[in-house]
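Here is how the chains run, residue by residue.
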Amino acid sequence: MIPAAFTYQRASSVDEALDLAAQGGEDAKFLAGGHSLLPLMKLRLAVPEILVDIGRLGELSYIRDDGSHIAVGALTSHDEVATSGLLASELPLLAHAAGQVGDPQVRHRGTIGGSLAHADPASDLPAVILALDATLVARGPSGSREIGAGVFFRGLFETELQPGELLTEIRIPKPQAAGWSFQKFTKRAIDWAIVGVAVQGDSVALVNMGQTPVRASAVERALASGAAPREAAAQAAQDTSPPEDLNAGRGYREHLARVLVGRALEESRSRA
Amino acid sequence: MKVSVTVNGSQVAAEVEDRTLLVHFLREQADLTATNVGCDTSSCGACTVLMDGQSVKSCTVLAAQADGREVVTVEGLATSSGEMHPVQRAFRAEHGLQCGFCTPGMVMATVSLLAVNASPTEEQVRSALEGNLCRCTGYHNIVRAVLAAARDGATASERRPG
Amino acid sequence: MSILGTRVVRTEDPLLLTLGGTYVDDLRVPELAGAARVTFVRSPVGHALITGIDVSAARQAPGVIAVLTAADLTDLGPPPPDDGSGGSEAAPLPLGGPWAEPLLAVDRVRYVGEPVAIVITDGRYQGEDTAELVSVDYESLPAVVGADAALAGGTLLFPAAESNVAVTGGAPADPAAFDGCDVVVERTIVNQRLAPVPLEGRATAAQWANGKLTVWVSTQNAQISRFVLAGVLGLDPGAIRVVAPDVGGGFGAKVGIDRDALVVAWAAKHTGRALRWAETRSENLVGMTHGRAQRQVIKIGGTRDGRILAYRLDIVQDAGAYPRMGGFLPFLTRLMAAGPYDIPRAEAASSLVVTNTTPIAAYRGAGRPEATAAIERAVDLFAAEIGKDPAEVRRINLVPPEAFPYSSPCGPVYDTGAYAAALDKVLDAAGYQDLRAEQARRRERGDVVQLGIGLASYVEITAADAAGGETARLVVHDDGTATAYTGSSAHGQGHHTTWAMLVEAELGIEMAKVTVIHGDTDLIPMGVGTYASRSLQLGGVAVHKAAVDVKEQARQLAADMLEASAADLELDTERGVWQVRGDPAASRTWAQVAGHAGDAGLAAEVNYTEGQPTFPFGTHLALVEVDTETGKAVLLRHVTVDDAGTVVSPVLAEGQRHGGIAQGIAQALLEEMVYDADGNPLTSTLVDYAAITAAELPSFELLASETPATNPLGAKGIGEAGTIGAAPAMQNAVIDAVSHLGVRHIDMPTTPARVWAAISEARESQ
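Top line first, the protein sequences correspond to chains A, B and C.
Using my numbering, you'd call the opening residue of the first sequence number 1 and step up by one each time.
Using my numbering, you'd call the opening residue of the second sequence number 1 and step up by one each time.
Using my numbering, you'd call the opening residue of the third sequence number 1 and step up by one each time.
With the rest of the complex left out, here is chain A:
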């Protein structure tokens, strides 16, 4: 219920955040909205000795139309993403998915950057930015770099981010294809997805079908060669390694993936 003791440090600029993280080394973690990290700390599954609070870095909270792409600051809250008029018209998939994360209280605090850096394959946004072919911008002691969504997620709770590197922005190309769909299958509305599907045009990404979010490449190939939605969806479980847990065994998840991809593609086409 109570985190193990730690030292709290508050950064008033991105540079300061990077300095504090560098000083803290392996013992330090960034704290944004805290809704991925604090729950783990309260159960003492994570015991960082230093927390660098970046939650007040207002300069990292924005949603900007940059012409060919939309730029979303890493500290933009799920609520801000979900209610953004700009995103509603340019990236409705992202806005809609953000509105499904947790509950209203969680959405007021949780941030897109925090969620992506946490890299839980069962959470909604990683699959969404994978389907959107986003680029993630990270800043570290040696400067900024861009990381494609396709390589950002490396494993369970593991990303390309190096220790001391801070996610600053998510750049999302404005989609060519207008159709989109987000299918989040749960027992209760508040649960993590048992399986989820994010579709933008013919890009299909899966939630909770592996240790990272995954593109349903076999589905995409089938669509590219002219298959109808349900036909392509039959390939949804190809090259996936869905977890087995209390909610679902492997076979059921594979089945859900096929059903939900089919529905997502149909819905996406109806919106195109």
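It is worth saying that the hints were derived from the structure and are not from the lab.
Since we're looking at a predicted model, the values are computed, not measured.
The C-beta atom is built at its ideal place from N, Cα and C for all residues, glycine as well.
A few chain A residues that face chain B, going by a derived Cβ cut-off under 8 Å, partial list only:
1) Met1
2) Pro3
3) Ala5
4) Thr7
5) Tyr8
6) Gly34
7) Pro39
8) Lys42
9) Gly55
10) Gly102
11) Pro104
12) Gln105
13) Val106
14) Arg109
15) Ala189
16) Ile190
Keeping the supplied structure of chain A fixed, place chains B and C upon it in accordance with the hints.
Quick look at chains B and C alone, frame taken from chain A:
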């Protein structure tokens, strides 16, 4: 570390451990015990308060993160002469509480909802409260209370709590 | 115009809504100033020998006051005597002897979460840190999980008992019971283990000072808790005060006082420090007793035209690691096994087994939901077998209205009832024929989303322990106000409002002037408490009788004051004034009459033990949609009759029905406490234990029905009825939605995975 939070309009400052949760700061340093702890996985919402006008689960916020911010708890809703806030009135009128333990969190989640959606549908109300567990009421009368409060005009334009 | 039966809002609410209730962890009483914190060290393993406990590191930690284990429990009184019987059929007390449960584990742990040690620290945060420093060596033993493992007896939890079967009861199978049946259906089903999850977990505070122990505990009965404390700690009850402050939900799991609270009380006396304890939710999910957990074999037989001739229920009740309630829960299940049906031959039997899991105790319904769920499944299976509408099969077999009082073959005598009327009312309000028609259309079309209609008709027993009675003391003060002291112990039920209504109705003293007090043994030494849906029909009747007694005393006093004969005195309950009939000028107020009562005051005390168990009944209909591609079920409508006799407070009765219904639906649709084969709980946080939220429920459609009981208020108990009717209706609805695909049964909870598996299996076998 020293943390200073404006709670229900008054400043509360105290020297606390860095890891102090906002809910404990409110219950112990601010001595406001209406906000309750009901779980340890940010699931139940009993600890819901407003921070800078938005509902948050105070068990998943460090007191340090609330430093310098404004927090409103259910104790801050009634007027200084004790007149209940429209949401509180509606919960009473509709029997929207039984044991009362989830109630402060429910009320604050409701205040937050109505501030952004003055006329929610039943479905929107149920969805907005999915992060607030109640074991006694079956939610039926809580939903009625929220809808009644909305009809009663308990929107953002109502006198601000605190 | 009596206030009874009118819509009255609660007197409890203004405080709860503006300042919040005062639950144990909120207490700021002087006795607890500077109180230290208790944190428990609990077993992380399901079954093991304790080979060593090292508290040395913990004792050095900052802010530590004490670290205590079973080795320190040397100053307790002798344990309650063991009568050697292993418990009786109906005894709701823990079994002693070889099944005895220690306060802190001695040399063995039997469930994950079992208390092993406590650390006492200045602050709560240090408590969690320090608990981690206590080092316990465990030597794992094979774990016993599930009925089969328990019955096989390969590993015994209590070697001295020589078995894992603690109690058996009921009738052996009558080989001729099913003779003459055209059709017999038999099935093994599960009524799964649940966690009560009151929003406030367990919490206790205690102080020992000047030879007196004061214990504040989140309990459903302070008076019984006091006697338990006296027995366990070897103290005279007069040296103990127990206070139940506001309690954040109980649902049966806070009946009495459990071992963790007893440890806290003992530790306060042992250390001389005032102590506080409030468990976390993770502790609560493994430390508070669970509910249900029955494996059931149902067997039903009858004629092809729908008449049920025989029914048998065989139960294996999982007791968890310690048989705390003896065989009481399955005893109640056996008692109510035949449900609201007139079945010529109905019998039930049960075994209570121990397993390496959290102990089982009462949870909303306590044995009766299990009975109803079993027979309602059986009736639907029977109906499916003979190809008849399940509503029709129910109607054919329900006990007819002229048969009351009705002696059920399983033992109880049902007092009053109108079962078929309840069924018809629900079918009518739901538009049953239209629903079946829509279902048929969707089946014709082969829609992905199918409709399911589920029914449950039930009867249940409330105030099963009516003979234990309930107490009330009513005092009218010389300022015209009144105080009612009740032995009942509300934890959300609104007794303060209802008892004040009863006083106003009888005496004309307005509710705002009536204070109701409960839960403090210094003020109310004798009382029974709130559980088993007993309080209105026992505690409320006691308050009513005390009011009647006060009224008659007042009549005499007023007559005296007015120099009239008592027979000429009448009470104007509208104005709360005594007057001489025909002479309005000759009147006295309650304040004046009470002032005339002398030293004894105007008061009456009642111990009402003449009550009898009562039998509320009803029908539930659940309408669901099931997505046959994913297996997900969504509840669209839930229509009910819950007839608990005369309704004193419609607002509160509806609230009890709503809450009960939600918990019943939760069992059918979502919730289950799951253990792995090693006794590890897999659902030990609210992320994994799927407590139901507002988003999964519709608003409910409650129909009114009042078939009075025979007690002075005409009231039966409403607190658990909703839960008893809702789960089977919901379960039957989900199965009904996919029955055309060949599915006959799905165990609760009917999760999407289970529904899909059932559909897949049915398809494969066709």
